[in-house]
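Visitor: Knowing the structure of chain R, use the given hints to seat chains U and B on it.
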Amino acid sequence: MKERKILLAHGAGGKLSHDLINELFLPFLDNKILTFLDDSAVIPTQGSHLAFTTDSYVVKPLFFPGGDIGRLSICGTVNDLAMVGSKPLGISTSFIVEEGFSTEELERVLSSIKKAASEAGVNVVAGDTKVVEHGAAEGLFITTSGVGVVPDGVNIGGSHAMPGDTIIINGSIGDHEIGVLLARGEFSLKGEIQSDCAPLNGLVQKMIDACREIHVLRDPTRGGLATVLWEIANSSKVGVIVEEEKILVRDEVQGACDLLGFDPFYLANEGKLVAFIPQEKTESVLKAMKADPLGEESVIIGKVTDENPGKVLLRTKIGGHRLLEPLSGEQFPRIC
Amino acid sequence: MCLGVPGKIVSIKEDIAEVDFGGVRREVSLLICPGVMEGDYVLVHVGFAIQRLEKEDALETLRLFEEIERSYGESTEEDR
Amino acid sequence: MNQLKKIDETKDVSVILKNIARLADGHFRFMEVCGTHTVSISRSGIRSVLPKEIELISGPGCPVCVTPVGEIDRAVSLARLHNVTLVTFGDLMRVPGTFSSLNQERAMGRDVRIITSPLDSLQIAMEEPQKKVIFFAVGFETTAGAIAAAVKEAKRRGIKNLYILSSQRLIPPAIRALLSSNNVTIDGFILPGHVSVIIGKTPYTFIAHEFSLMGVITGFEAGDILEGIYMLMRQKAEGRSEIENQYTRVVKDEGNRMALEVMEEIFEPFNAHWRGIGVIPESGLMLRKELREMDAAFLFDIPYEEKPDPPDCLCGEILQGIKKPPDCPLFNKRCTPEDPVGPCMVSSEGSCAAFQKYEVFE
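Residue numbers (the working numbering), protein chains in the order written: chain R, 353 to 688; chain U, -1 to 78; chain B, 2 to 363.
Pairs of lysine-lysine, DSBU-like flavour, derived with a Cα cap of 30 Å:
(1) U:Lys6 with R:Lys542
(2) B:Lys334 with R:Lys589
(3) B:Lys237 with R:Lys669
(4) B:Lys53 with B:Lys324
(5) B:Lys161 with U:Lys11
(6) B:Lys334 with R:Lys367
Quick look at which bits of chain B chain U covers, simulated, 3 or more residues with Cβ under 8 Å:
(7) 108 to 119
(8) 132 to 145
(9) 189 to 202
(10) 259 to 267
Hints listed in this document are in silico derivations from the structure and should not be mistaken for laboratory results. Note that this is a predicted model, so its numbers are computed, not measured. Where is the CB? At the ideal position from N, CA and C, for every residue including glycine.
Only chain R is shown next, with the shape it has when bound in the complex (with noise of 0.2 Å):
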């Protein structure tokens, strides 16, 4: 890592963030448990499975259409502990305060902690408050950490992948960043797109009834879909193909990359998940996931193959063939 110091390119989910956690901190930090890098960490306790999970929320501005800071960090940990197959048994907050929060906007933001913690069936059981001068922690930062059990013959991870897997999404991208983005009012565009924050683990349960032994399973938060994917495929040295066709973007999620230049795979998402299915259990999975509210879109984007090892394959509108490579630093507005 030749960069002395960090960039906001560091915190935006692609190459970069990789480069730092492997060059920066795993020298420092590795271990047997640590080394996999999934959403979760499972750790095995006396004959079952724990799911560990930590996250921190920095999103301006605190509020935007369809959640908040507080939602987001309850959602957030919820699903990374779901992406290990878990069911969450208690959440932790950690709240970074500013002198000078009003105590309402306070309100609003436990209030929707509240609501997410009940969609999700969890509690929070432990947490911690902090203030901070005014100017050191523009507003409020939550850190969250979730406990979770993985239920016995559930093995699900980044390099489980196998040769012939199904891929799929359940639903469209980038609804999460470009609503954030618009909430902003960034780069002097105005509309408005609800994020897609929702707890995912309810979903995740109907969908390992149906298929208890499904491969992979990733939330494509920051750095998008093609950083997901393409972590999975080296993960689990297999190939991944994926039909442009498939892929579902609002409009007004196509409009605002058209405007910025911005590529839909590389936008985060907070409502929707990646599963790599074992290919005879994809009917059922798919059944089962559009019968869950937040499954409805559920779509077969592509496949695992044995061939490009590490590679991700797009197969585009016209029949041709690219390459998907991950996130390399952050996205910026062009006008190339």
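Guide: Only chains U and B this time, still in chain R's reference frame:
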């Protein structure tokens, strides 16, 4: 080097138009694209309308297309 | 937006492809000179469906790629001056100069901001009258019209704290220089659709009349590009060398006269340096003398120094279409998008960056 996006003019105030792009809107300067009206489509680059899109011209491209299809049909007949 | 369904949705591209294949006897090399075409071609996977006889090569169409390192260094130095707000398009943020990039300067706390319209620079200048707002402006003719209009508007509003650092270039002179060098064998050009919205058809006629080559002004969706290629093939089959327009829904033969007039009023051409190629006559745009008080290149006491690219770097030949990205020994080894050596890898629409990102290769 030229991201140009087509959008529909929703309203105009002097030389600024509010343009709709699939549900997302932006203010667009009409300084180099005078003579447009509400309801017109324009091509937008760096926040400026650079050309009005004529519906007839859009149809022209489709006409060329039909010509290609026809000529293909003729040549496959010749190949038989 | 229903009326403007993307062209790909209304056309059956397999018909165009069959027709292209039918006409593909012999080897064809077509060059595009527009970074947006470079990216569209790679993103749509067109090369993977075209007959192997048709070779698509990239020319010097990426304005970021051809911006000399010295100009980046100058912008970085300006950003470090007291009370300066440097604004630019996102495309330039990551370009490494000799010692820093604008993105890194922002990380260090300098006031560097991304704008998406030249009018944003006016807004910032008006809102912050105590700051010197310098707009580092890059682009080709498509953008020059908008920038000229913004400069004129700034004068009209009496804005005194806005300065332009112009790094703008022109496409037809670059095509002329390429063809005059005799280094490249091309059968025809896929001409840039949006540059042509501004300049129209006439500036390209020398390609046909002086060099007996063909050109088709082409749009940017896969269907447009395939149609443009078909029109080139058809010219070849019919023994013609002409400039044709595929992108009629947007490009008029006379271009955008309003834009051309204001460009003429605000800018004048000069002999600009293109990274990897050298000086091309009358190929850059600078503010006219009457507007010298807005010209950041003259007003601020920043020395300008040019550094050559490393000897192994093949960007010069790649920009001229003589070599391809995989031909370069540094490609994807020493030179990557995260750590670029030469200009073709620096911008996401440079030939090497597009190739590395989208083309499947061993």
